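Same order as they appear, the protein sequences are chains H and F. Residues 1 to 91 (our numbering) make up the first sequence, in order. Residues 92 to 357 (our numbering) make up the second sequence, in order.
Don't read these hints as lab results, they were simulated from the structure. Mixed in with the good hints, there may be bad ones.
Claimed, not checked - Listed below are several chain F residues computed to face chain H (Cβ distance under 7 Å; list not exhaustive):
(1) Ala113
(2) Thr114
(3) Glu261
(4) Gly297
(5) Gly301
(6) Val327
Owing to the predicted nature of the structure, the values given are computational and were not obtained by experimental measurement. From the three backbone atoms N, C-alpha and C, an ideal C-beta is built for every residue, glycine too.
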Amino acid sequence: MEITKRGIEFLQELDTFGDVRRKWIIKKEAETDPKYGKLPRDRTINELLDYGIINLDKPPGPTSHEVVAWIKKLLNLRKAGHGGTLEPAHP
Amino acid sequence: MKGGGRGHPKVSGVLPIALGSATKVIGLLMLSNKEYVAIMQLHKPVNEKRLREVVSEFIGRIYQKPPVRSSVKRVLRIKEVYNIEILEIDYPYVLMRISCQHGTYVRKLIHDIGDVLGVGAHMRELRRVKTGPFKEDETLITLHQLSEALYVYKELKDDSLLRKAILPIEYAVSHLPKIAVLDGAVGALTHGADLAVPGIAMIHEGIRKGDTVAIFTLKGELVAIGQALMHSEQVVEVSKGIAVKIKRVIMPRGAYPRQWKKKQLK
Numbered sequence: 001m002e003i004t005k006r007g008i009e010f011l012q013e014l015d016t017f018g019d020v021r022r023k024w025i026i027k028k029e030a031e032t033d034p035k036y037g038k039l040p041r042d043r044t045i046n047e048l049l050d051y052g053i054i055n056l057d058k059p060p061g062p063t064s065h066e067v068v069a070w071i072k073k074l075l076n077l078r079k080a081g082h083g084g085t086l087e088p089a090h091p
Numbered sequence: 092m093k094g095g096g097r098g099h100p101k102v103s104g105v106l107p108i109a110l111g112s113a114t115k116v117i118g119l120l121m122l123s124n125k126e127y128v129a130i131m132q133l134h135k136p137v138n139e140k141r142l143r144e145v146v147s148e149f150i151g152r153i154y155q156k157p158p159v160r161s162s163v164k165r166v167l168r169i170k171e172v173y174n175i176e177i178l179e180i181d182y183p184y185v186l187m188r189i190s191c192q193h194g195t196y197v198r199k200l201i202h203d204i205g206d207v208l209g210v211g212a213h214m215r216e217l218r219r220v221k222t223g224p225f226k227e228d229e230t231l232i233t234l235h236q237l238s239e240a241l242y243v244y245k246e247l248k249d250d251s252l253l254r255k256a257i258l259p260i261e262y263a264v265s266h267l268p269k270i271a272v273l274d275g276a277v278g279a280l281t282h283g284a285d286l287a288v289p290g291i292a293m294i295h296e297g298i299r300k301g302d303t304v305a306i307f308t309l310k311g312e313l314v315a316i317g318q319a320l321m322h323s324e325q326v327v328e329v330s331k332g333i334a335v336k337i338k339r340v341i342m343p344r345g346a347y348p349r350q351w352k353k354k355q356l357k
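Kindly produce the complete structure, drawing on both the sequences and the hints.
What follows is the structure, given as C-alpha cells:
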C-alpha cells in the first residue's frame, strides 16, 4: 500500500539525516492501516507545535534558557526545551 | 591574565529546541555527542610542532573539573574527546574543530591546553556545529528566520516556511538504530508494554544488546525509545520474547487500537 511505502521512505530519510548507514532487515512483511495515526509529513502546524523540533542557530549573547523562553512566547507554547546548553559563561 | 577585558567569549551554533510534548526527547539529545569549532587565543608564541603535539595529547579520555560558575557538582569527571583538528594557525589565534562527549567544557579544555603549553591560552569564540543528528545544514534556522516564518503563516496564511522551520520530532532520534513495528503492537507500547518479537516488522542490522533504539510505526511515527535486550540477528531468528525494554513512550495513547486487549478477551 502507498502509505506503507511512504512511511518506509520517511524512515530512510531519517537514516540519511542522522547519518545512520545500517541496512533494514524485514522480519515480517506488513502494511500499515491509513485509519490509524498519520505520516509525520502530513501533520498540521498545530500538531508540529506539540511534536516538533527546531534546529536553531543560537546567536551569541542570550543564554540557552533565554532563547527557549523567547521561542515559547513567540509560538505560544505551554512547554519547550533545549537539547544541551550552549552558554557564553561556561560552555 | 585574569580580567584584561576578555569578557565572555562569543558562543553560538546548533541548539535544538523541542516543542511541547517533544520535550520528552531532550534528555536523549543532551546525552548525544557534540562538535565545536573554537578559536583559541595563545598568550605567548609557541612552536607549531609543540602546539600540535600538546593538542593531540588532549584527544582521548581527559579529566575535567567543571568551572566554578557551572551548574553541576564540581567533582573531577572523565570526558572523552574524540578528535581535535587544527584547522588554521594565525598567531595568536588557533582555529580548531573539536568533537567530544556531552558535558565536555571546551573553554576548560582550551585553558588546560594553554597550561600544558606553558604559555597560557583562552577561548576567544565558540560555535557548536553538531548536536546528535543536528548540524549546520539547510534545516538550521536563526531566530529571525523563525519569526519571519511565523509571520508568513499568521498574516499571509502560508505555512511553507514554518513547515521547513519545525521538523517532525522523529528527526531528534534519527541518529539512533531503529525498529519499525506492526500496527497491532503500537497500542500496547503506548500503554507502557515492552516490545515483543512478534510485534516487529523491520529492524536495523547491527543492533547490540544494551543499545538505545528508537521504535517507529510503519508510517514513520516515533512511538518510544528503549533499550535492546536482543541483537538484530537474534530478533530475526526467534519468534517470541522481549526484544526491547521501553524507557520512554513518546506517542500519545489512542492513535492506534488496543488490539492486544481484544486478543486476551477472546
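Against the structure, the hints:
Annotation: alanine 113 of chain F was flagged as interfacial toward chain H, and the flag holds, the nearest CB pair being 5 Å apart, inside 7 Å. Hint status for threonine 114 of chain F relative to chain H: holds, with the closest Cβ pair at about 4 Å, below 7 Å. Hint status for glutamate 261 of chain F relative to chain H: holds, with the closest Cβ pair at about 5 Å, below 7 Å. Checking glycine 297 of chain F against chain H: minimum C-beta separation of about 5 Å stays under 7 Å; hint holds.
Checking glycine 301 of chain F against chain H by beta carbon gives a least distance of about 16 Å; that is not within 7 Å, so the hint is violated. A hinted interface residue such as valine 327 of chain F counts as satisfied when its beta carbon comes closer than 7 Å to some beta carbon of chain H; here the least separation is about 6 Å, so the hint holds.
When the structure is compared with the earlier hints, a violation turns up for hint 5 alone.
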